[in-house]
Amino acid sequence: MRTFIILTASLAALLMAGQAAAQEPLVQEPPAPPAPEVEDVLTWDELPADLRRRAEPLIGRVAAQAVLHVEAPIAPDADFRAVDHGDVLFEQAIRPAGLARITRPVVNAQKYGPTGAALWPGVGPDGDYWCWRRFNPANANARGNIYCYQDRDGDGTSERMMENPVWMGQLPASRFQFLSLGHDEGVEESATFEVEPDALGEFQEIVVLRYYGATRGVVKEDGSLAPATVEFELMTGPDRQSLSEVSRIRVRIDAEGKGDYHAPNGVRLEVDGVNVDGVAQVRLLGALPQGRTLLIPPVTRELIAERMAAFFNPDGSPKGEPADDEGQVAAPTAPPAT
Amino acid sequence: MGSRFAVALTLGACLVAGAAVAQTASRPSTPFVIHSVAVDGTERVAREHQPLLVQPVTSVRSARLDAETPAESAGWFKAKSFPAGTLMFGAYAGDYWSYCAVAESRQSWWSADQFICYVDEDDDGRFDAAIDSGEPFNGVPLLVFSTGERRPLPTPAPYSRIPLADGPGVEYAISFDVVRPTGRAMLNGRNVPRAATHIIPSVGFRVEGGRVQPLSGPGSDLRFRLVNGQTATIRVKGAVIEILGVNNDNSVRYRVVESIPTHVDQIMLQIVTTTRWVVY
Numbered sequence: 003m004r005t006f007i008i009l010t011a012s013l014a015a016l017l018m019a020g021q022a023a024a025q026e027p028l029v030q031e032p033p034a035p036p037a038p039e040v041e042d043v044l045t046w047d048e049l050p051a052d053l054r055r056r057a058e059p060l061i062g063r064v065a066a067q068a069v070l071h072v073e074a075p076i077a078p079d080a081d082f083r084a085v086d087h088g089d090v091l092f093e094q095a096i097r098p099a100g101l102a103r104i105t106r107p108v109v110n111a112q113k114y115g116p117t118g119a120a121l122w123p124g125v126g127p128d129g130d131y132w133c134w135r136r137f138n139p140a141n142a143n144a145r146g147n148i149y150c151y152q153d154r155d156g157d158g159t160s161e162r163m164m165e166n167p168v169w170m171g172q173l174p175a176s177r178f179q180f181l182s183l184g185h186d187e188g189v190e191e192s193a194t195f196e197v198e199p200d201a202l203g204e205f206q207e208i209v210v211l212r213y214y215g216a217t218r219g220v221v222k223e224d225g226s227l228a229p230a231t232v233e234f235e236l237m238t239g240p241d242r243q244s245l246s247e248v249s250r251i252r253v254r255i256d257a258e259g260k261g262d263y264h265a266p267n268g269v270r271l272e273v274d275g276v277n278v279d280g281v282a283q284v285r286l287l288g289a290l291p292q293g294r295t296l297l298i299p300p301v302t303r304e305l306i307a308e309r310m311a312a313f314f315n316p317d318g319s320p321k322g323e324p325a326d327d328e329g330q331v332a333a334p335t336a337p338p339a340t
Numbered sequence: 474m475g476s477r478f479a480v481a482l483t484l485g486a487c488l489v490a491g492a493a494v495a496q497t498a499s500r501p502s503t504p505f506v507i508h509s510v511a512v513d514g515t516e517r518v519a520r521e522h523q524p525l526l527v528q529p530v531t532s533v534r535s536a537r538l539d540a541e542t543p544a545e546s547a548g549w550f551k552a553k554s555f556p557a558g559t560l561m562f563g564a565y566a567g568d569y570w571s572y573c574a575v576a577e578s579r580q581s582w583w584s585a586d587q588f589i590c591y592v593d594e595d596d597d598g599r600f601d602a603a604i605d606s607g608e609p610f611n612g613v614p615l616l617v618f619s620t621g622e623r624r625p626l627p628t629p630a631p632y633s634r635i636p637l638a639d640g641p642g643v644e645y646a647i648s649f650d651v652v653r654p655t656g657r658a659m660l661n662g663r664n665v666p667r668a669a670t671h672i673i674p675s676v677g678f679r680v681e682g683g684r685v686q687p688l689s690g691p692g693s694d695l696r697f698r699l700v701n702g703q704t705a706t707i708r709v710k711g712a713v714i715e716i717l718g719v720n721n722d723n724s725v726r727y728r729v730v731e732s733i734p735t736h737v738d739q740i741m742l743q744i745v746t747t748t749r750w751v752v753y
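From first to last, the protein sequence lines stand for chains D and V. Residues 3 to 340 in the working numbering are what the first sequence lists, from first letter to last. Residues 474 to 753 in the working numbering are what the second sequence lists, from first letter to last.
Excised from the complex, chain V in its bound form (with noise of 0.2 Å):
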């Protein structure tokens, strides 16, 4: 009986230590405005993974600060005021609009950009309040996170609202995935891959490095069949984009017939982290 209980403990102790919760919190973005662009027509090439369609983002309300903010404490090796002229993306936060520059780090191998952002509380066309909001979420400069608590400035910064499209912005892209059947295929005795059958467009917003941080969600599973294995038409939040060719790299002849319009739209914020139980 006693080691049948104490097997009942190990395997339960066992249990305990593998067991491991994540917990999600999420919210969402400010609502932004993806920005049409001209298209010419233009056949092009682009690498797997690399941008078919760049458009820019802009929040829906920005600013630009009138005078230099004064000094403020960003944390350790961060740029701790903003110079006049500094442009500012509105980011909302429930019930209070604020507008935010990135604090760029001076030692980014050490400490991150961080996000500043200032509210004016009487609306009087001055900021009254600085809130560090940290880091760039996703390292997507327009995509605030965390609200932190709001620190009065020694002296107001004036500012002034801006037009939609001359705020700070971000780019959003369509980039795209070929999909070949496994294996080999042999083209005037040389091995070449197997035709393509599918082209899968990833639509998201672009980071450091021009990679493209694809959005999850309703639509995002959208595969065209390529044709011959060379052509298709991609229909993706309402931009056109021809396919006229795939080649054995993986990268594809194209043509834009139409951007994605001019349109407002919002995500959904999430950050997973796991609690992990361990029994010692």
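Okay, chain D solo, but in the shape it has when bound (with noise of 0.2 Å):
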């Protein structure tokens, strides 16, 4: 395979150095460029057999979410820029991806949903589910649990009840946004709803990703880390002022000082450079696209031995380098006196 990309590789640069050649004869071409650098990728058959097996179930499972719409895509950085601690890269705007209305509710209406309430889609490692939260008129920020209705088979009549507690709060400054289904509300009723085809969900809010700064690295002589570690935060929730960490994107940066990330919802970043009080130079490359999508997609296997990548060489020998030691914690106190 290595032998294949290489005559590939080589044989492109060769085709390339031709047709420029042909193209202006009476020009003395510099020397062709060296055939790009092949570089081995770790597979997912080439991780250790026990990690293989302790992931399998991770594979194409998806997170407990809402699903959203993105409003409008975000054009890639032309060059790097400068970022300090809080910067925002992108924010984008959200709303649930799709709306259906309660026709036929359960008892306890009140509680799980009246007649003609708004649900908005979600999804779950069991499958799609319809959500729904009652909110007070009177006070924004009071908010209740989010109930949300299970259709396997997309009939519109729900078979089950999940009820995520308001007080687990994984998105608390999110009004329709969650990271758990929570637990079976244990109603023994069906509720029906009507999908209305190309309708959005009435809510709106953000996606932010943050920059957070510099978390580890070698200072070097003139100020700046290699190697490093960097972090950014995924975050939503209404507005700048209210938001909540879905995820923590941590890039590696190289000896060079360079290190790039992408996710599977899009978002590519690209480092050239940090300082040891956090500023970095930072191109961003991707966001979420627009349209129907999910802040946390599905994991898949290739994603899995990507991330690995960083403890297993190409042939699935683990790297020499013991992993370092992120993740120090002081010793627990007991709470401050107040």
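In case anyone wonders, no lab produced these hints; they're calculated from the structure. Be aware that one or more of the hints could be misleading.
If you want a taste of the chain V side facing chain D, the calculated C-beta under 10 Å gives, among others [unchecked claim]:
id : residue
1  : V506
2  : R534
3  : Y565
4  : Y569
5  : R634
6  : H736
Simulated coverage check for chain D against chain V, where a stretch passes if three residues somewhere in it have a Cβ under 8 Å from a Cβ of chain V [stated by the list, open to error]:
id : segment
7  : 215 to 221
8  : 269 to 281
All C-beta atoms in this analysis are idealised placements derived from N, C-alpha and C, irrespective of residue type, glycine included.
Two chains, each in its own frame: build the complex with the hints.
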């Protein structure tokens, strides 16, 4: 395979060189650029069998979350920009990706959703849901539990209801997003609902990628860090003053000060240098795609292999360098005196 | 039936009475810099639990007050303002920087020292607001856990950012434990401890009294086997320390070959609270 790739790359380089020569025969051409350096990539099959066995149940499994509609794409950066702690790299407006209304509620409709209540779409490891939450119109901050109706066969009749208690608060700032479906509420009745084609949910929120800073790194004489780790926060909520963290993005910076990152949700970043005080040169190459999407797409084998590349060589052998001491914690302490 | 029900109820009540739920609140520390130190390879002696190596730590950002801060209410018996020239360390709280100093308690038996952190909201080189930020976490006057409400200052307080190494610092240290089998041994007719088998380094911040607050997590369970009960080479966080001999009182002769290289690091601060449900 490697030989094949080398041969292909070399052939491509040769073809390109030949083409240039044919187009401009009178100009002395600079030497052809060297063939791109081929690098083996760790694949799923090369991961240790034990790790594959443990990761297999995660493949294709989608995390509990609301299904989003992204209003507009973000243009990638043409060049690197200096970012400091707290700087926002992108902000995208989102809404629930669909709308359904309850046509026949279950008992205790005030709690679980009355007739006509607007539902928004959610997903979880066990399938698709339509979700509802009670709000107090007199108090925007007062919000109830999220109730999600599961409709496995898509016939508009629920088979199960999940209750995600408000106190669990995984995304407390958001009005409709969640990271857990909670537990089976045990409601035996079925609700019916009607999907409004092509309609979007009423909530309008934002997704933001915020720069957190450099959290680890060796300080070089010029004040830069390399190798290092820089972190970004993928956040969501009604506005910039009310954001909750969905995930933490850690970009490993190599000994030359460079690093890149891409996620299945479309976020792509490139870093070219970071200083000891955390100011980094960053280029945003991608954000969430426009239209229907998930903040946390299902895990793929390719993604696991890519993330594991930091720990295993392409032949599956562990990398010699021991894992760094990330995650050290100070000894827990008693609560501070108030 | 009634009696069985009562027994079940009583058992249930006992279980409820004994139920305790632990909650953990955690937040990352502001990234900090552990500065390397020059080593001369001199042989030294250290007692068990005392540092083999001590290195300065600063925040990744620091500042110096250019004028006295306005009088502040920092709680009972604490300093209420800071003079010009006070060094302050940077604390990052999610989306803004603050610069903090310790308001020392004047009645230490009664109330603890407390951080006061200042925020430059409009980034004009003057602090506009102050925050009471609680006590130093685990006694380390660089680790801020709480962020309270911002109070506007009556008059802005000018400050200047200062170079990394000039910032207020704390100390980071590597100390050690000696592991010996239990029991006794005899040497020339005298009781002596059995030969040591391992030396366990612990790394962490040095707090009042010289103690080292050990950090837990990956890499904190390193142990090094002592050759002939005497010598070992400790390698932790890039530092290299040669143990040249272990005395019967668990003190060691040692030599620092390399200090921890200058690097940025971060730890997780955790507070564990326990809620106990009591039936009465």
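Task: Violated constraints from the hint list, given by number and in increasing order - done: Of the numbered hints, all hold.
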